Amino acid sequence: MELKEITRPENLVYRRTPLMTDATLSYCPGCGHGTVHRLIMEVVEEMGIQEDTIGIAPVGCSVLAYDFMDVDFSQAAHGRAPAVATAIKRLWPNKFVFTYQGDGDLAAIGTAETIHACNRGENITIFFVNNGIYGMTGGQMAPTTLEGMKSSTSPYGRNNKTMGPPYKITELIAQLDGTHYVTRQAVHKPGPVRKAKKAIRKALEVQKEKKGISFIEFVSNCNSGWKMTPVDSNIWMEEHMFPFYPMGDIKVDGKLVNG
Amino acid sequence: MKELALMKGNEAIAEAAIRAGVDGYFGYPITPQSEVMEYLMLQKPEERTGMVVLQAESEVASINMVYGAAGTGKKVMTSSSSPGISLMQEGISYIAGAELPCLIVNVVRGGPGLGTIQPSQADYFQSTKGGGHGDYRLIVLAPASVQEMADFVDLGFELAFKYRNPALILSDGLIGQMMEKVELPPQKERVTEFDQSWAITGKTKERERNIITSLNLDPDLQYEHNLKLQAKYKSMEQDVMFEKFACDDAEFLMVAYGSSARICQKVVELARGRGKKVGLLRPQTLFPFPTEEIARMARKVKGMMAVELSAGQMVEDVKLAVNGRVPVNHYGMAGGKIHSPDDVLKAVEEKYIGGY
Chain A
0 MELKEITRPE NLVYRRTPLM TDATLSYCPG CGHGTVHRLI MEVVEEMGIQ EDTIGIAPVG
60 CSVLAYDFMD VDFSQAAHGR APAVATAIKR LWPNKFVFTY QGDGDLAAIG TAETIHACNR
120 GENITIFFVN NGIYGMTGGQ MAPTTLEGMK SSTSPYGRNN KTMGPPYKIT ELIAQLDGTH
180 YVTRQAVHKP GPVRKAKKAI RKALEVQKEK KGISFIEFVS NCNSGWKMTP VDSNIWMEEH
240 MFPFYPMGDI KVDGKLVNG
Chain B
0 MKELALMKGN EAIAEAAIRA GVDGYFGYPI TPQSEVMEYL MLQKPEERTG MVVLQAESEV
60 ASINMVYGAA GTGKKVMTSS SSPGISLMQE GISYIAGAEL PCLIVNVVRG GPGLGTIQPS
120 QADYFQSTKG GGHGDYRLIV LAPASVQEMA DFVDLGFELA FKYRNPALIL SDGLIGQMME
180 KVELPPQKER VTEFDQSWAI TGKTKERERN IITSLNLDPD LQYEHNLKLQ AKYKSMEQDV
240 MFEKFACDDA EFLMVAYGSS ARICQKVVEL ARGRGKKVGL LRPQTLFPFP TEEIARMARK
300 VKGMMAVELS AGQMVEDVKL AVNGRVPVNH YGMAGGKIHS PDDVLKAVEE KYIGGY
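Chains as they are written, first to last, in numbering that gives the first Met the number 0: chain A, 0 to 258; chain B, 0 to 355.
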């Protein structure tokens, strides 16, 4: 078969969404961030809302998210993305506004902004990538670091007695009346990737219908920070992260799934 | 016809904000400026003009709301008092770094720390020298009356958008709380046209995406950005504003702003009554600072005194302007205590008679 035959439009099974820019991703090979970026942009493309979408980038590994996603973007101070998004959405109520945050950003320094934006039920979408560690600053302990897990600031493993235990902010904000759709997903295998994309679509549909906050946690790996190969980190994530951070919907249509 | 009202300074700021066509206000209660948001909420600005008013969970959140909202190219503001403004400094640095226009109001109270709720001018350094991290400056306006509280809202936005830089109204608890007659500005339309060249309005097919950020990891580019900012701050000198009282024949000059300038106006009167040729220069902009005018006055007078409600902050800028030509002293009470005209007069007479 000639190349011309193969590259016919009807034979196309995959293409990169044009909403991802040509910039080389700054993420480590094996990291889940790039996949989450792509899925969000695929959904934005499919919904035809590029012109109406504004993203908020955090401080952390994904600080340069605005280099990769081809929509208007505002970078935010560490942890303050939900406050930044709140104001943008209040002034542009018909735009789609999302934050893209890591676990240090969202669940440590930005706890207040996260909880209050969720409590007010701002019509925004929060994409929360939880890899249990501060990646960009060099693998320090995060509020999500598991008990016993080694990091550069818990070199002998997290000691719950002296350092406090990890906490599930996603379950916490699901208790608030302002949250409408809360779910936990992963992007390490084709099956989870497909589910995660459906969740992103649902989250942005919730925003379109102005029903309140939609919040997706992506449990992800940090092979560099965890000092593992990408493959090993994904296995470790399934074996250790998923039992503590279980996959699936936590709140749907404003109702707790296990409530 | 003139529209007159009797208002507190804080209320005048709020009413002027609605009338200036402000799109968004984000704040957090703190004494002595809480009337700003109270007045706004009472006025239902969302019905009057469509203005958004939101009570945030903290000053940290409110300044970051201002940062986000300013990125949309709309007119947005916040107000607070000293401890709250300290909390905002990181956000203000981001706004300056990202070159966004906005208005911040500081109704200063005594410090340091939780200090007191009484008036003070001890946030001069924080306001005029940057305040947060990095080399940046704010446009700083210093109202001395309830009228100027109202007038400087519109002026602040005009300068903020002219330079794409945060503007700060540096008031204090005295002007914020006192009631005076004020001529209200006319109602302006809320702006609906935005500068698509930089604001985040949603990327259209006609343009590249707009990004609001203060991050540039390349030191060469960050250096270029810093040079550009410094050139911008230098260019603000063209907008310096000040008032002079009884300066033409003055032998001794007081330099004072805001509420202290109001007190010093009385001191001029008292001193003149005793045959002392005392004048007053009142900076209305503290950044840009009236350096040239003070240098010019240093060739005419025999001495100067910076009169501030602080332990002496603006006096450093006066000394830099005078550059050793004549003696420069400081007088002022700090920590929330207010000097009386007689207190100042006594200090002036000591320096005027035998100080040089």
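Hints in this document: simulated from the structure, not taken from any laboratory.
Among these hints, one or two may not hold up.
If you want the ones that stay clear, here's a sample from chain A, every Cβ over 12 Å from chain B, calculated [claimed, not checked]:
id: 1; residue: L24
id: 2; residue: D66
id: 3; residue: M68
id: 4; residue: E112
id: 5; residue: I114
id: 6; residue: Y155
id: 7; residue: K167
id: 8; residue: R193
id: 9; residue: P242
BS3-like, lysine-lysine: derived pairs with alpha carbons at most 25 Å apart [as the list claims (entries may be wrong)]:
id: 10; chain 1: B; residue 1: K276; chain 2: B; residue 2: K350
id: 11; chain 1: A; residue 1: K197; chain 2: A; residue 2: K210
id: 12; chain 1: A; residue 1: K209; chain 2: B; residue 2: K276
id: 13; chain 1: B; residue 1: K180; chain 2: A; residue 2: K210
id: 14; chain 1: B; residue 1: K318; chain 2: B; residue 2: K243
id: 15; chain 1: A; residue 1: K207; chain 2: B; residue 2: K204
id: 16; chain 1: A; residue 1: K194; chain 2: A; residue 2: K149
Listing some non-contacts, in silico: residues in chain B with all C-beta distances to chain A over 12 Å [what the hints assert, rightly or not]:
id: 17; residue: K204
id: 18; residue: T290
id: 19; residue: E315
Note that the structure is predicted; figures quoted are calculated from it, not measured.
Ideal Cβ placement from N, Cα and C applies to all residues, glycine included.
Outcome of the hint check:
Every beta carbon of chain B lies more than 12 Å from that of L24 of chain A, the smallest distance being close to 15 Å; the non-interface claim holds. A beta-carbon of chain B comes within 12 Å of the beta-carbon of D66 of chain A; the shortest separation is about 8 Å. Not every C-beta of chain B lies more than 12 Å from that of M68 of chain A, the closest at about 8 Å, which undercuts listing it as non-interface. With a minimum CB-CB distance of about 6 Å to chain B, E112 of chain A fails to clear the 12 Å threshold, and the non-interface call is violated.
A beta-carbon of chain B is positioned within 12 Å of the beta-carbon of I114 of chain A; the least distance is around 8 Å. Here Y155 of chain A stays apart from chain B, with its beta-carbon at least about 33 Å from theirs, past the 12 Å limit. Every Cβ of chain B is farther than 12 Å from the Cβ of K167 of chain A; the closest lies at roughly 21 Å, confirming the non-interface assignment. With a least CB separation of 27 Å from chain B, R193 of chain A remains clear of the 12 Å interface cut-off, as annotated.
Listed as outside the interface, P242 of chain A is consistent with that label: its C-beta sits roughly 33 Å from the nearest C-beta of chain B, beyond the 12 Å cut-off. Only pairs whose Cα atoms come within 25 Å are accepted, and K276 of chain B paired with K350 of chain B is accepted, the gap being roughly 13 Å. Of the supplied pair hints, the one linking K197 of chain A and K210 of chain A holds, its CA atoms being roughly 18 Å apart against a limit of 25 Å. Proposed proximity of K209 of chain A and K276 of chain B is contradicted: the alpha carbons are some 67 Å apart, above 25 Å.
For the hint pairing K180 of chain B with K210 of chain A, the CA-to-CA distance comes to about 46 Å; that exceeds 25 Å, so the pair is violated. For the suggested pair K318 of chain B and K243 of chain B, the alpha carbons sit about 18 Å apart, so the restraint of at most 25 Å is met. Between K207 of chain A and K204 of chain B, the direct Cα distance comes to roughly 22 Å. Compliance with the 25 Å bound is thereby established for this hinted pair. Our distance criterion of 25 Å between C-alpha atoms is broken by K194 of chain A and K149 of chain A, whose separation comes to about 30 Å.
The Cβ of K204 of chain B does not lie farther than 12 Å from every Cβ of chain A; its closest approach is about 8 Å, which violates its non-interface assignment. Here T290 of chain B stays apart from chain A, with its beta-carbon at least about 33 Å from theirs, past the 12 Å limit. Every CB of chain A is more than 12 Å from the CB of E315 of chain B (nearest about 30 Å), matching its label as outside the interface.
Against the hints set out earlier in the document, violations occur for numbers 2, 3, 4, 5, 12, 13, 16 and 17.
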